[in-house]
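A.B. asks: Given chain A, put chain B in place with the hints provided.
Chains as they are written, first to last, in this note's numbering: chain A, 565 to 680; chain B, 70 to 186.
The hints are simulated quantities; they were obtained by calculation from the structure and are not laboratory data.
Where is the CB? At the ideal position from N, CA and C, for every residue including glycine.
Hints are not guaranteed to be accurate.
Unchecked claim - Not close to chain B: a few residues of chain A, all C-beta gaps over 10 Å, as computed:
| hint | residue |
| --- | --- |
| 1 | Q633 |
| 2 | S640 |
| 3 | S646 |
| 4 | V678 |
Stated by the list, open to error - Here are the simulated DMTMM-like pairs of lysine to aspartate or glutamate, each with C-alpha atoms no more than 20 Å apart in a straight line:
| hint | chain 1 | residue 1 | chain 2 | residue 2 |
| --- | --- | --- | --- | --- |
| 5 | A | K667 | A | D595 |
| 6 | B | K110 | A | D590 |
| 7 | A | K667 | B | E122 |
| 8 | B | K105 | B | D154 |
| 9 | A | K642 | A | E574 |
| 10 | B | K88 | B | D154 |
| 11 | B | K110 | A | E574 |
| 12 | B | K109 | B | D154 |
| 13 | B | K87 | B | D154 |
| 14 | A | K667 | B | E113 |
| 15 | A | K634 | A | E616 |
| 16 | B | K110 | B | E136 |
| 17 | B | K87 | B | E136 |
| 18 | A | K634 | A | E593 |
| 19 | A | K667 | B | E136 |
| 20 | A | K667 | A | D590 |
| 21 | A | K619 | A | E574 |
| 22 | B | K109 | A | E574 |
| 23 | A | K667 | B | E125 |
| 24 | A | K642 | A | E625 |
| 25 | B | K121 | B | E93 |
Unchecked claim - Part of the chain A face toward chain B, derived, beta carbon under 7 Å:
| hint | residue |
| --- | --- |
| 26 | F670 |
| 27 | G671 |
| 28 | Q672 |
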Amino acid sequence: AQTVTQSQPEMSVQEAETVTLSCTYDTSESDYYLFWYKQPPSRQMILVIRQEAYKQQNATENRFSVNFQKAAKSFSLKISDSQLGDAAMYFCAYYAGGTSYGKLTFGQGTILTVHP
Amino acid sequence: ETGVTQTPRHLVMGMTNKKSLKCEQHLGHNAMYWYKQSAKKPLELMFVYNFKEQTENNSVPSRFSPECPNSSHLFLHLHTLQPEDSALYLCASSPGGGHPSGANVLTFGAGSRLTVL
Numbered sequence: 565a566q567t568v569t570q571s572q573p574e575m576s577v578q579e580a581e582t583v584t585l586s587c588t589y590d591t592s593e594s595d596y597y598l599f600w601y602k603q604p605p606s607r608q609m610i611l612v613i614r615q616e617a618y619k620q621q622n623a624t625e626n627r628f629s630v631n632f633q634k635a636a637k638s639f640s641l642k643i644s645d646s647q648l649g650d651a652a653m654y655f656c657a658y659y660a661g662g663t664s665y666g667k668l669t670f671g672q673g674t675i676l677t678v679h680p
Numbered sequence: 070e071t072g073v074t075q076t077p078r079h080l081v082m083g084m085t086n087k088k089s090l091k092c093e094q095h096l097g098h099n100a101m102y103w104y105k106q107s108a109k110k111p112l113e114l115m116f117v118y119n120f121k122e123q124t125e126n127n128s129v130p131s132r133f134s135p136e137c138p139n140s141s142h143l144f145l146h147l148h149t150l151q152p153e154d155s156a157l158y159l160c161a162s163s164p165g166g167g168h169p170s171g172a173n174v175l176t177f178g179a180g181s182r183l184t185v186l
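Extracted from the complex, chain A is given alone in its bound form:
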């Protein structure tokens, strides 16, 4: 079975600085999808960024970028120029693809605090 591990329960960063959240996963599949979701306090979870395993190029979305290391099964999220609004719980998630609709496997989450 697939597993997703986020080894950092909590992280903190100063406003305008850069922070990297770690995620590792275990799978025997060769084609799959990886996601980072953000859950602000008392607000709904939203998709931050996604990566298709067959793409070698790392995904980027404005200040958010990933470092996808397929061989190492590592998928870290880098947040540049951190803002107060980035404070949230961040979840890494894995999806095997195919017809397993919505069957994402989530990590335990990392709470990110942004200090002004």
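C.D. replies: Just chain B, lined up with the frame of chain A:
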């Protein structure tokens, strides 16, 4: 309204009560899901519906009973719950229906915070 709406946002119930959680999506999606989010645990998939048909029941106890009358609405009926069932219950939707690139992108609701006394 747009997106995925869940009601109620907060619910407190006794172990002998019967209550229901409601989810509605206005995205034209064909697949809907219930996830359970407990403190310090990964999100747990509970149920998946695709075109109103249940395609996944992740060994959920029968005290949780889902209902999907159409592709836009999803309910979770609750009865004789236990205190350990207290959690945030998240509804999500996705395009589903065999859409290869969109089927896996979930849109979540804000959740229903359930407390069982």
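A.B. asks: Compare the structure with each hint and give your call.
C.D. replies: Hints and how they fare:
For Q633/A, the condition that its CB be more than 10 Å from all CB atoms of chain B holds, with the nearest at approximately 21 Å. Every CB of chain B is more than 10 Å from the CB of S640/A (nearest about 18 Å), matching its label as outside the interface. No Cβ of chain B comes within 10 Å of the Cβ of S646/A; the nearest lies about 23 Å off, and the non-interface call holds. For V678/A, the shortest C-beta to C-beta distance to chain B comes to about 21 Å, beyond the 10 Å cut-off, and the non-interface label holds.
For the given pair, K667/A sits about 15 Å from D595/A by alpha-carbon distance, which is consistent with the 20 Å threshold. Of the supplied pair hints, the one linking K110/B and D590/A holds, its CA atoms being roughly 18 Å apart against a limit of 20 Å. Taken as a hint, the K667/A and E122/B pair is honoured in the structure, with Cα atoms around 15 Å apart against an allowance of 20 Å. Using a Cα cut-off of 20 Å, the hinted pair K105/B and D154/B holds, with the two alpha carbons roughly 9 Å apart.
Restraint check: the Cα-Cα separation between K642/A and E574/A comes to about 15 Å, which is no more than 20 Å; the hinted pair holds. The hinted pair formed by K88/B and D154/B meets the criterion: a straight-line CA distance of about 13 Å does not exceed 20 Å. With a CA separation close to 14 Å, the supplied pair K110/B and E574/A stays within the 20 Å bound. Our distance criterion of 20 Å between C-alpha atoms is met by K109/B and D154/B, whose separation comes to about 14 Å.
Between K87/B and D154/B the alpha-carbon distance is near 14 Å, which keeps this suggested pair within the 20 Å criterion. Between the alpha carbons of K667/A and E113/B the distance comes to roughly 9 Å, so the proposed pair stays at or under 20 Å and holds. As the CA atoms of K634/A and E616/A are separated by approximately 10 Å, the hinted pair is consistent with the 20 Å bound. For the suggested pair K110/B and E136/B, the alpha carbons sit about 26 Å apart, so the restraint of at most 20 Å is broken.
With a CA separation close to 15 Å, the supplied pair K87/B and E136/B stays within the 20 Å bound. For the hint linking K634/A to E593/A, the alpha-carbon distance of about 11 Å falls within 20 Å, and the restraint holds. Taking the CA atoms of K667/A and E136/B, the gap is about 18 Å. The hint holds against a cut of 20 Å. Of the supplied pair hints, the one linking K667/A and D590/A holds, its CA atoms being roughly 15 Å apart against a limit of 20 Å.
Restraint check for K619/A and E574/A: not satisfied, since their Cα atoms lie roughly 29 Å apart, outside the 20 Å limit. Taking the CA atoms of K109/B and E574/A, the gap is about 11 Å. The hint holds against a cut of 20 Å. Distance hint between K667/A and E125/B is fulfilled; the C-alpha atoms sit about 9 Å from each other, no more than 20 Å. For a cut-off of 20 Å, the pair hint linking K642/A to E625/A stands: about 10 Å separates their Cα positions.
Restraint check: the Cα-Cα separation between K121/B and E93/B comes to about 13 Å, which is no more than 20 Å; the hinted pair holds. At about 4 Å, the closest approach between the beta carbon of F670/A and any beta carbon in chain B falls short of 7 Å, and the interface hint on this residue holds. Because the beta carbon of G671/A sits about 6 Å from the nearest beta carbon in chain B, less than 7 Å, this interface hint is met. With its C-beta approaching chain B no nearer than about 5 Å, Q672/A sits inside the 7 Å limit, and its interface hint holds.
Hint compliance for this structure: hints 16, 21 are not met, and every other hint is.
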